[in-house]
Amino acid sequence: MSATAAQPEATYALRPPFSERWRQGMRALRANPTAVVGLVIVVALVLIAIFAPVIAPYDPQKLDMEVVSQPPSSAHWFGTDQFGRDVLSLVIWGARLDLFIALSAVILSMVVGTVIGAVSAYAGGMTDEITMRTMDILQAFPRFIFAMGIAFAIGPGIGTVVIATSVLNIPGYARLMRSVMLPARKSQYAAAATSVGGSHTNVLFRHLVPNCLVPIFVNSTLQFGWAILEAAGLSFIGLGVESSAAEWGALIQLGFQDFNAGHWWIYTFPGLAIAVAVLGFNLLGDGLQDMLDPRRQ
Amino acid sequence: MRMLRYILRRLLFLVPVVLGSIFIAFLLTRVVPGNPIERVAGPYASEERVLEMKAEANLDKPIPQQFLIYVNDLLHGDMGMSYTTAQPVGKDLKERFPASFELVMFAIGLAIVLAIPLGVVSAVKRGSWIDHVARVIAVAGVSAPIFWIAMVLLSIFYGKLGWLPGSQGRLPIIMSPPPHVTGMYTIDALLAGDPVTFKEALRALILPVLTLALVSMAPIARMTRATMIDALDSDYVRTATSLGIPRRTVVMKHAFKNAIIPVLTLIAGVIGYAIGGEVLIELIFSWPGLGLYSYNAIMSADFPAVQGFIILATCLYILIYLIVDVITALLDPRVEY
Amino acid sequence: MSVKQLSDDLNARRISRRRFWQGAAALGLTATGISVLERGALAAPVQFWSVNRQDDREHTLIVAVSENIDTFDPGFTVGSKTAQTAIQNTFDQLTQYEIVDLVAPDGTPYKGVNTLNILPMLAESWTQDGDKLVFTMRDGATFSNGDPIDANTMVEAYKRIYETNAVSTFLLSMGGAVTGADAFSAPDAKTFVIQMSKPNSLVAQNNTMHNTSALNPNQIKEVATEADPWGLEFFKANLGMGNGPYMLESYKPDDALVMVANPNYYGEQPFFTKVILKVVPDASQRVQLLLNGDVDMATQIPKQEYETLAASDEITALSIPSNLVAMLEMNTTLAPFDKKEIRQAVAYAVPYQAIIDQVFNGQATEAKSLVPSGMPTSDFSTNMYTTDPAKAKELLAAGGYDGTPVKLSFNAGIPEWERIAILVQAALKEVGMEVELEKLPYATFNELEQGRKLQMWTDEWISWVNDPYYHLSWLAASTSPTNYPSFANERVDEIIAEFTLSDPSPEKDAASKEAQAIIIEECPYVFLCQPNWLFYMRSDIDNYVYYNDELPRYYHFTRKSS
Amino acid sequence: MAEKMTAAPLLRVENLQTSFFTRRGVAKVLDGFDLELRRGEILGLVGESGSGKSVTGYSIIGLLKHPGKIVGGEIRFYGSKGDQQGIDLVTLPAKQMAEVRGKEIAMIFQNPRSCLDPLMSVGDQIMEVLKYRRGMSKSEARAECIRLLKTVHIPEPERRMNAYPHQLSGGMAQRVMIAMAISCAPTLLIADEPTTGLDVTTEHQILELLREMRDVTGAGIILITHDLNMAAEVCDRITVMYAGNTAETAPVETFFSAPRHPYTLGLLASRPRLGEEGDIPTIPGNVPDLIQRPTGCPFHPRCRWATEICAAQEPEPRVIGEGHVVACHHTEVVARDVIAAD
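Chains as they are written, first to last, in my numbering: chain A, 1 to 297; chain B, 1 to 337; chain C, 1 to 562; chain D, 1 to 342.
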């Protein structure tokens, strides 16, 4: 622990409340241009996702054989695809579907992972040992292949993509949760709470978990990017969502079918959408990680 | 000797992990609906033939028994026969391994060469525009989908410019591989003293390696930056500075050496990820490695091949971690062994 | 010790040439055989020094293919085109089709085959004598190691097909034409006889295909084990010693299959002394390689690439009418498609023209009957299905469609299916049927299709034998293993049973048309179109011959001198 | 003792202002701080956490970390050559400052084990300094290293040289630190809480060692500590800091016998004494927010003698005795009260 004398030694008990740290974080955000770029991208994406029906100039599912594979024009800024669908509209609606998939995958792995990690840390002993070894095994699995295997096993669809992209994130969360929990378990929080007669479950979930959530939240921001990429990868090899869905990976996959025909707009714009979205989440997560880590302020 | 004992102890400790991975790999293939025999047999095979084939593959037995048979075979070095290549899985994996290994090693090497300086510069110039640019560069590589990068790189450097070979695998199609020693064409070509083959093997590696390196860079750069910042803020760096040790020496000798140890562990993870994760790269570049093999295996429900690959990948992952642990133990006097 | 092992050993320089000769002699190989083997074996390691390698580019044909070998056993190849092509080029059959000059609809002349004129190949001559096919064996035909081929060889080979219950059994015994292994005999070494249950023209046609390729009985004996007397394990993983113009030099999955000219071939030596089938799994990369001239040919090219390739001066793009029918199939035993009206509604909803234009780049013709237009007795006249959403809605209502969404499944490996599925999904949505698309890896797709578990799906069919009854037997007979819609109609079954093996007659033709009309009316299949056979090669490659099994015979090809 | 008091000054800090530019605002951690150190003198710099003691140390040696910055004042250092003019460390270019560090001014820190590079043997670390700072060859450095380790009373120096920091006890590590610090014979040694985390016996030994080093090298030492007992044990003079200002400076005897600043009184009252039971009185209130400093005397919100003037005007340091300087408006009142209480 490197404590510079300019700052009072931070002890666990003395850490300021979450709201204060959050305010500090927000202040810090302003001093961190890359994170701000990330935040702007993420907020923009979320807005696009929410208001997709309003923003999108066309119905993304409307096939129009009159305007097949048109390059970008004033009528279709991003051109049209092989079915005459408006690529811009598809990309906009894609934000909705992709964010939904990523959010579901992250939440699923976060919930399962943190519960496993928390219980494991709290229980200790054999339970902890066995759980963590299982996590070791999962973590040693080749990631994409495992996702492919799961997707293959349960068949295509949105739910499949969510499950396939989330399973291998579970160990990460469990480990993180456990590492945060172990010192926390010994801290005043737990002692104080048990001394006033809280039950174990109560202690576990009411007191310890909230104090571990910040690093997990930061980690999730980074996981978002991965989830989007992995979902796109699954779509590319045909194990993803429905072909006609407005999902970025599926759009790229369809676009690549016309790669040699030079219809670059069909695959480039969804590709850029993914790149921008993932970049946004990564920059934001990276920045948050810096800011919420007291040592790197 | 002490190190050897340490390695043995670590290996022993890993036995349950390997067993567990075998079990999960086995389970994963058994939850797949249906079974591969019907597909392999085709629509024309008679029912008796299908049953016969199932019996041969032990798929007619209860799953626990299948597992025991599988583990028993494994212990005898038999990973089963692949349904897609009609060859023993062990032989398949052995043939594919050098192709993937060569690709991954070059890529990780490139990623390290690019990412670590980026991370170090970022940390040393923390908060400056250099830091921000370096961080964006590092993160940008991991942001675009890997298959998208691969396709675009190919269309530019092969399709448009013709500078680099296209999706034709490890050597130009009409060239035959150098005499087999390691299975890694660049090394084998050098051993054979064949500069032309070496050059071509290297050229074939450029694009897939670049693609894989781009996605491997970000975590390494990010981790280097973080550990480097910690190290630069550390008490021992302050001590060295307070004693007037030149800045260069402080940064490179004290801070960097300390910062790199956790990065090594991360690199192990990145290698592990790459070995199983370059499926899409191998697919697009027609690279006859483990990724393409496992892709074909999964897409054709080739149980033994999928299981074999997962077990190999898991063992490799563990092995890499072990190697890193050993390196760490050698570098860091605090590690007890 | 096997021949292969021996040559491998020599290859890897694990043994000296002396030991090789000793081993070879021990294996009972003839001197010619040994020298061939030795040449083949030595070829690879010597080669790496020949930096030039460009020398033989002129006579090397490079083909980008999409897939690996699934099995090398000629009796069992039904999946991998690469496997079928390798077998077709390394084995001759007893007979072959006559090659004729044809002209494509766009005016391009090309070579094709006349399936009605079957010429001898390994046989010197053949005749059909009532219920007997009699082949007179050629003098001097040998396997690539020099082992002679005579009538007894053929008996062994055909016996293996029957004894192992191979896929080829299915072909030869269609309609009960050839009932068992005892149907094959050799009255003398030069005469090989196939005894049929009754006179028919089907067996002679089926017999021209690669599935009847004869393995070397000596090699079978060598690799056989007690549990596996026919060497099934061995021949699955290893290409048998052939008798055709090429022989296998090497095969590495996901890399390449290399064939070289067979010096012991009884016929003419091919122009291309070496053929490399390079596995390039990604379709657009195969096109890139072809456009850049790194390969001479590319197979399994998605239809949407036609325009790009046809526009290139450096590429010859052939668009040849074929008997392939692309179909939307419905399971007649699963709701809602167990109702004829619902199936017909789908037939009225499908956007036929959009599929031909958008999916097949216009390189397809309309298909209106199960029997394709290029096959005798094909009859489109009773087909009334056009794209008519109003009519489709009407029929959906008549069929009592309750609005339950249906699943349209397709094989992920083929981009055309995906495009068709998206078009069909939109069209059906328009008439009030919600469709979920289910993109399946081919393994899953095949399994579910064969298990009759799909609800609605896309698939295609081409009959290698240009005979409507052969075709109907596969697709419409209720007992057929490939009648995936589970279509069952007594009259159709009756017609197939009665006429499949019968001699040509006006009644036979009329019955075929009757069956077609019934199938159109019952509508288990919606005939989307007949896509043309598209074949791409570099412009300097010449002499492509189109066979209706779509497998290229590389020994025909030549390279134009520049 | 007396002749040391009259010795030439080694360091004179005048009106030093060091601020931390945090995201919340500018924290004036040192706000016009004065200090004087003579050669061969041990000066105790005491105060609560956050009073700016360590920042003073870092300001002098030029190791302030971002976002800390010296914004005003002078640190005049008279160096080993006894330069009459001295050099101003505040304005000294970074390159020359780096020359000064280690050679002229050295610093030892708290948590000595973490102050040594965990990956290098202690011998290598000392030899590294000798190599870079004194241009020694490897063999020279080795010999010198052994000598230095002997100087700081490390037994078996040849063997200990090969030890890694984690293999050393805290006290041993601090000895190594001291050996490194004196390796270039600096004229000024800043010791920042050098005994934190050490047991009482070791603490005593380290302090003894510091004194010995002063005697041997004649260097001036600034001992930064919050522990008055420790300061009493080893220091010649003590300066009390409060919120970045000098509250009181006095020779050690005067400091304990006649303290005159209210804050000093509070500190003295709250120090733990051996053998005493019961509650230790603490100074009420908290260290002030350095971003929004109180007006006038920074201590006034906590001071029981505070009057209106204290809030309005910052007290000027006043000399009230031999080397005794106090910054308080009410020194006389305090003195009267203290004497009365005694």
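Treat the hints as calculated values from the structure; they're not laboratory data.
Just so you know, even glycine gets a beta-carbon here, dropped at the ideal spot from N, CA and C.
Incorrect hints may appear among the rest.
Heads up, simulated PhoX-like pairs for lysine-lysine below, C-alpha to C-alpha not over 25 Å straight-line [what the hints assert, rightly or not]:
id : chain 1 : residue 1 : chain 2 : residue 2
1  : B       : K253      : D       : K103
2  : C       : K274      : C       : K236
3  : C       : K513      : C       : K340
4  : C       : K252      : B       : K199
5  : D       : K138      : B       : K199
6  : B       : K257      : D       : K150
7  : C       : K111      : C       : K513
Restraint ranges, calculated between C-beta atoms of paired labels, are given here [claimed, not checked]:
id : chain 1 : residue 1 : chain 2 : residue 2 : range
8  : A       : V276      : B       : G109      : 22 to 32 Å
9  : A       : R133      : C       : V78       : 21 to 31 Å
10 : D       : Q167      : A       : R133      : 30 to 40 Å
11 : D       : V26       : A       : R23       : 13 to 23 Å
12 : C       : V78       : B       : L59       : 16 to 26 Å
13 : B       : L27       : C       : R452      : 44 to 54 Å
14 : C       : F380      : B       : K91       : 20 to 30 Å
15 : B       : P246      : D       : D88       : 18 to 28 Å
Evaluation of the provided hints:
1. K253(B) to K103(D): holds (21 Å)
2. K274(C) to K236(C): Holds - the C-alpha atoms of K236(C) and K274(C) are around 23 Å apart, at most 25 Å.
3. K513(C) to K340(C): holds (20 Å)
4. K252(C) to K199(B): Holds, at roughly 22 Å.
5. K138(D) to K199(B): violated (45 Å)
6. K257(B) to K150(D): violated (29 Å)
7. K111(C) to K513(C): Violated, at roughly 30 Å.
8. V276(A) to G109(B): 22 to 32 Å: holds (29 Å)
9. R133(A) to V78(C): 21 to 31 Å: violated (45 Å)
10. Q167(D) to R133(A): 30 to 40 Å: holds (32 Å)
11. V26(D) to R23(A): 13 to 23 Å: holds (18 Å)
12. V78(C) to L59(B): 16 to 26 Å: holds (21 Å)
13. L27(B) to R452(C): 44 to 54 Å: Given about 28 Å between the Cβ atoms, the range is violated.
14. F380(C) to K91(B): 20 to 30 Å: About 52 Å separates the Cβ atoms of F380(C) and K91(B), which means 20 to 30 Å is violated.
15. P246(B) to D88(D): 18 to 28 Å: holds (23 Å)
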